[in-house]
Amino acid sequence: MAGLICPECGAENPDEAKRCQECGALLIEQSQRADEQPAGLPEDPLDFLAQADDDLPGLLHALKHEDDQSPLTDPPGGEESVPPEGDEHVDSSEEPDAEETLPEWLIRVRQRAQEEEDSVGEVTQKLVVAQDHLKEDISTSRHENFSSWIEGIRDEDGAKESQPAEETAKKAETGAEEAPSEDEGWLTKIRKMEGKFIEETDSEIKDTDGDSLLQWLVALEEGTEQPEVLDEATELADGAPVDVPADDDEKHIQQPESVLEGDELEVTQQMIVPTPTLQAEQPEPPLVDVTRSEQLQADQLAATIADEKAARAVVKSRKAKSTWAIRLIVAVVLIGSVVFSLFFREPAVLPVAPMPSQHEDMISWIEELPADARLLLVFDYQAAYAAEMALVAEPVLEEVIHPGRQLSVLYTSPMGGLLSQALLSEISADRDVPIDDLGYHPFSAFTAYQAGISAPAAWVIPSLPKSGRTFLADDYEGIILLSDTFEGARVWIDQLSALMPGTPLNLILSAQAGPMLMPYYDSGQVSGMISGVGEARNFSAAEGRSGAILIRWRAYQTGILLMVTLIVTGVLFSSGQVNDEGEVNA
Amino acid sequence: MTWTLMGWIVIGMAAVLLAAFWILFRTHDFDAIRYSAAIQSLQCAQSSAIERGRSRQLVLGNQLNGWTYPGLGLHALACLPGFLSQESVVEGGLSVAAGDGALAVFARQITRQYYQQGFSLGLHQAGVQTMLPGPTPWSLTAGLLSTHPQKFSGSMALLGYFGAEALLWSEAALGNGGDVFSAGGTLAGQSVLFLNVRDLLIGERVFMMPGKPDANRVSLAGWLTEDVLRLLLIVGLVVGAILKMVGVL
Amino acid sequence: MKKLPAIIVSVTIGLTVLAGYFFQAELSTVLSLIVDWGILLAGVAGLIGLGYLAQYHLTRLMKREKGAFFSLITLLVFLFILVAGLTLTTQNPFYRNLILNVQVSVEASFLAVLAVTLLYASLKLIRTRGWTPMSVGFLISALISLVLNLGVGMTESGTVLGELVAFWRRLPIVGARGILLGMAIGGLIVGLRVLLSMHRPYGEE
Amino acid sequence: MNDLIWGVVGLLLTIMILSYLIGDNVFFRFAAYIFIGLTAGFVAVMLINKILIPYLVTPIVTGGWQQWLWMLIPLGLILLLVMGQWSKFASAGSIPLAYLAGLTAAVAVGGAVFGTLIPQARAVIEAFDPAGWYAVPGRSWLRVMDAVVMLVGVIGTLSYFHFGKRRSTDDAVETSNPPRLMRALGKVGQVFIGITLGAVFASVFSSALIALIDRVLFVGEIILKLIGGG
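Residue numbers (my numbering), protein chains in the order written: chain E, 571 to 1156; chain C, -6 to 242; chain V, 41 to 245; chain X, 990 to 1219.
These are calculated hints, taken from the structure and not from any lab test.
Watch out, some of these pointers could steer you wrong.
As the list claims (entries may be wrong) - In silico DSS-like pairs for lysine-lysine, Cα to Cα no more than 30 angstroms straight-line:
1) Lys1176/X to Lys1154/X
2) Lys1077/X to Lys43/V
3) Lys103/V to Lys1077/X
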């Protein structure tokens, strides 16, 4: 709660102080009279201000409240006569006579101005406190409070316009005379104390005859022609006559910041009077040294904020429940049909289809292999494709792995070593074939780069440490690459054709790797290839070992046909709800 | 003129063009890059995820250096700062996952330095989580699906090198009501995401990503150099085919 | 000033390795050393990445987050496999069977889940992509390729059907070649940006 | 007996992972967490056995003091990389990562040009070799068509990736479409890209289907063994 204000000099004093610290005047009377306020009112009269939005518009409402409830003119019953704050409209249909039309708070202000010598002190205190509040809340945006308050006042003005113009003009003149010059003294003293008002030259002071706050308040109430102060204020604010906005709903106060921060008192006068929209001066943007990255971050933030304001595409709600059900149905149908084909139907019996050229070339290479051939096997697939690779590789490796031949194995995935041992032990279980493990070759891009620059060194540094890499011998009769992806196979094709251009290279691929590697066969870099179970079925049938594949063949056919059916179904059903943009987000 | 020499000419020309455009854009502005609806909706998805308090997931792929798509891992790292700059307005919620140790170490280094230069290091621990859910493609999938189901409800961005397993990640995110954006992946990865990810950049368009929201000089110079090289390649293919037909080449 | 050493190291190593394509004989010795140390650093970074994994699960365990019990399982299995691998070595039959059976079963099951998800996702193709030249091409190509995967149309080369099937099998390579060429140009620019230190992914942006 | 035990282990893990089709549940997470721990442990063993030892320990142990001096460089880089994991020394980690980034970038540039750009462009151009058309008697028109379709398809695909925006001259409004020629060729490119992705999608499904069939067969066999008394 604000401290005690000295009535003499207006200085602020702590609550418990009895005498003013500045001028030594007695403070006690003041505080006791404040305590005697009627119960209905808030404990400290200044609290009106606290309730009224903490700024000067609230001050005015507070002043009006206080007048309606003060003991002097308070009719019995107290509260009722107080118009609820929100209800600004006085019933204009009643026609009060001239004296009654004046609001009681104005009459009371005048009487107190005449009876008590220092009656204005209390009002002054409220003004100063309000000014303190203003200083604290200068940062809060005033415009909203102003506009609602201004609206309220304008409504009141509207209610009063129905009165004859002369009456209001007469009141304005009397009002102006009643507050004679004896008020000037305390007002100028306060201004000097605060040191906040604009240096006015003497001539200006003369012109603003009746420049007291009270007259001004009164003039406001009369709502007659603009008081001179207002003319001055508007000119002072922007130095140019202001054009009143055409339509009503745009009436709002846009006080230029510079004026608000400047003279407090000046501010209080201007803020109360409803001024039409003023052109805000564009403050000169301060020169700030901003680095490019900060500028980018600022732009980014601005873009983010602008983007958030942008109209956002309506995000259609996802029907999670139905998609889960569809997915479950699809799973049950697929697994059910696979189970039925595997366990409840005979293995397929298929005619041997004619061999494509890449198969024929591989078979001829196998037949031409010498008995003691040295072969290099590169395992470049993950454990997920182990089953498929076993199905495709088995018919080829059965023919290739014979006693007397030597195998060297290298792999690129961590599991490659275990997978190669599992596959080779399964195929050559009954044959004694030595297998040389050349190890794990990760980071295939680095090894492919090294393979590409493997020219003999022009000079050697003897003290260099021996490389940890195992070098590939270059006298293999053949290389077999087992791969599950197009990208993995490509790395090794590039390396091996660079390292051993003369050595025949054969590919055993999963279905996923097949389609994109045909050009390597067409260009002759690869001498033979077989990819996927579809081709392996035909290859193994020609070799008379198609048992494992034929067991799975019907289930494989069922799955493929199911996919074809679903694609067509998807096209038929969803062509109606096609993506409305038409153009895809690509 | 051998093919290897032709390769060196391409590298030299690309380096000179890149440096020249980079210097040029220091003084001139250049706004002639096509509008990408996918990148725009990525920004919307991230903003709405931030507003709804949902998490954001960024996957950098499972390989730093691949041979077939060179530079895809480096490209994912180049996009990372663009995702970090959004985090300045939020208190955590972005998790960066990589399926290769080197990628994870690079990502954490970039994130830490970004916070040290820009905001405050204190935010780093609470802010962005860089992790390795699994060291192989399928263990990365297991890590994403099992440890982070609740993290899929916001927006998910897929960058770098990944295969067909990415379909499981995108279905998990879409099933949780999240938004998915993809700018990367092998041919298999892009072909499976073609089915259910609307905001998908295919082929060379994945390289539109870095810096698109706040196109800095380096990205602009890169795009313009790519356009010039692509036009030269198209002209070269046509001229080469004609010369080959007439027997000159 | 602090960034300079890192930039010098990156540009020097990069330009040396790139020059290796041209001066193969002269630089071969140095290059194999540089690549060996690169593989070593990548391996150590891989181990540090596994450290991140252990740290993540350890944090979840210490904070008793939701699912902390599962993190405990992961940490225990990780330590057991690491210690057993270093002591029993990978040639131990029990160790090999354990790794092989778990890896093959789990990864193959994930691939099986992928098969069902592909089936389900194919229903949403047109709703996601709409009718564009690309989605029409995708549809026709997927249907024909699936049928060819059944082994239909496997005829001797030289027949008309055989030639048409061979022509169709070469058609996807056209798009693949275009995509590879495009991504190679993109990869070239990304690599050059690092070599010219316009983009510094080692944390010195 | 040993096989049956491992078979039951495989059976349980398969059913727990396949239960994900019903929804995210405890069993699935249990199997996934075991799998993550096992994979991480095994990868750590492989990295130690196959990289750390042959590339770091062996050269130090078997080499002389000269080799030992050379090995100080990788040792220093590894030390900096490990120190870089603590926030205080974060900038120390930049140097080893710069080494790795430079190496990766150079391999990317070399791989892009010498591994993909040159070979693929060469393959497109060499399809127009008249000698190749008439090498195989009959249906040379098919070879010519092959070459022309390849050229048009590759050019269309590359045009689809065009980044630049069209600067419309008539009303100076910059649209977000590429130039007209690029846009027309891009439409052709879209068809070829769709054909490629469709073929790859079919092959991915074939592989996944085989894995599903294999898992169902495996589960059936183990159950039959358990019912049939092993």
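A quick look at each hint next to the structure:
Annotation: proposed proximity of Lys1176/X to Lys1154/X holds, straight-line Cα distance about 16 angstroms (limit 30 angstroms). Only pairs whose Cα atoms come within 30 angstroms are accepted, and Lys1077/X paired with Lys43/V is accepted, the gap being roughly 16 angstroms. Restraint check for Lys103/V and Lys1077/X: the C-alpha separation of about 24 angstroms stays at or below 30 angstroms, so the hint holds.
Comparing the model with each earlier hint shows no violations; every hint is respected.
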